[in-house]
Amino acid sequence: MSENNQKIKLLRIMEFLRSESEASKPVSTSQIISYLNGLNISCERRTLYKDMELLIESGANIIKTELGRENAYYIDEVSLSLAELKILIDAVQAANFITDDKTAELVEKLLAFSGIRHSEIVRDNIIFYNNHKHSNNGVFGNIEQIELAIKKKKQVSFYYFDLDDKCNRVYRKYKKRYITDPVALVFSEDNYYLVAYSQKYQNSVNYRVDHMDTVEVEDTPICKEAQIKKRKTESYTKQVFKMYNGEAEVVTLEFPSELLGAVYDKFGEQTEIRHADGGRLKIKVTVQISPPFFGWVFQFMNKMKIIEPLSILEQYNKCINDAFVDSTQE
Numbered sequence: 143m144s145e146n147n148q149k150i151k152l153l154r155i156m157e158f159l160r161s162e163s164e165a166s167k168p169v170s171t172s173q174i175i176s177y178l179n180g181l182n183i184s185c186e187r188r189t190l191y192k193d194m195e196l197l198i199e200s201g202a203n204i205i206k207t208e209l210g211r212e213n214a215y216y217i218d219e220v221s222l223s224l225a226e227l228k229i230l231i232d233a234v235q236a237a238n239f240i241t242d243d244k245t246a247e248l249v250e251k252l253l254a255f256s257g258i259r260h261s262e263i264v265r266d267n268i269i270f271y272n273n274h275k276h277s278n279n280g281v282f283g284n285i286e287q288i289e290l291a292i293k294k295k296k297q298v299s300f301y302y303f304d305l306d307d308k309c310n311r312v313y314r315k316y317k318k319r320y321i322t323d324p325v326a327l328v329f330s331e332d333n334y335y336l337v338a339y340s341q342k343y344q345n346s347v348n349y350r351v352d353h354m355d356t357v358e359v360e361d362t363p364i365c366k367e368a369q370i371k372k373r374k375t376e377s378y379t380k381q382v383f384k385m386y387n388g389e390a391e392v393v394t395l396e397f398p399s400e401l402l403g404a405v406y407d408k409f410g411e412q413t414e415i416r417h418a419d420g421g422r423l424k425i426k427v428t429v430q431i432s433p434p435f436f437g438w439v440f441q442f443m444n445k446m447k448i449i450e451p452l453s454i455l456e457q458y459n460k461c462i463n464d465a466f467v468d469s470t471q472e
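Residue numbers (our numbering): 143 to 472.
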């Protein structure tokens, strides 16, 4: 066999092992020889042993074992389980900021990475359920620039836009570039947000990544306050609702045990739960007061109650009363 044919044979062996073998299902010597013969590549058992030793000595992560009375082999590489692959594909599909074209591309990459057997199973069960994808094809470029800025601790600049009733871009500030101190990228409510620190307002601000255009890394370093905010990103995401900024307040909430799952989903399983009268529970958490926070409380109707402070309870009641009055006047 010529040198080129030998290289092709080794390549085909590696392809076969990657697609068909795993620790729980190694492929036998006979299976490998049969596969090669099907490709019109002649191979004998004696030469295959030498081929496998050559691949192993060259650094291929091939594990040698036994299957019956034969030698068997599998690739010992990090791969995705069937459940992991399904979860990642569903996450890509659920993310609104990933366009339809990019969603299809990412799904195919995940399937290719998983091996033939897993990809065939998952491909047959894919349901394309998200019909509300956004159209900004520059999202991935935006993310790369923001990540680079965060790594270098530099400011970022960008144009920021909304969409009008015909889905045309309407740029804010007459298309003047925003310049801000990036803190972190946060995935929330199926969208991606840049959490930044505003030196002007001396507070955190959030920007939808899919509403950004022409993101660039600036030469100016971020301020010390932004670096401090970065260390507190986890607590910030627990306080904020739907990435809507407001004044942070310590609030006491009271609720029945049936809402414990919803409380853990929002504030985490480490939240301290206390007992209240009548078998109810209560928590004391720091939240950013905003309409989305009031909406989160209201979705549980009278089961979730704001106990303290009274000033926040008054704001909440006023929001409900205003909404009711407005609806009756229409």
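Calculated directly from the structure, the hints in this document are not laboratory data.
Glycine residues also receive a C-beta, built at the ideal position from the N, C-alpha and C atoms.
Check the hints yourself; a few may be wrong.
Derived DEER-like restraints, expressed as beta-carbon distance ranges [claimed, not checked]:
(1) Thr375 - Ala236: 40 to 46 Å
(2) Ser161 - Tyr313: 34 to 40 Å
(3) Ser453 - Ala225: 46 to 52 Å
Heads up, simulated PhoX-like pairs for lysine-lysine below, C-alpha to C-alpha not over 20 Å straight-line [to be verified]:
(4) Lys380 - Lys275
(5) Lys228 - Lys244
(6) Lys374 - Lys384
(7) Lys295 - Lys244
Here is what the structure says about each hint:
no.	hint	verdict
1	Thr375 - Ala236: 40 to 46 Å	violated, 22 Å
2	Ser161 - Tyr313: 34 to 40 Å	violated, 48 Å
3	Ser453 - Ala225: 46 to 52 Å	holds, 47 Å
4	Lys380 - Lys275	violated, 26 Å
5	Lys228 - Lys244	holds, 17 Å
6	Lys374 - Lys384	holds, 18 Å
7	Lys295 - Lys244	violated, 29 Å
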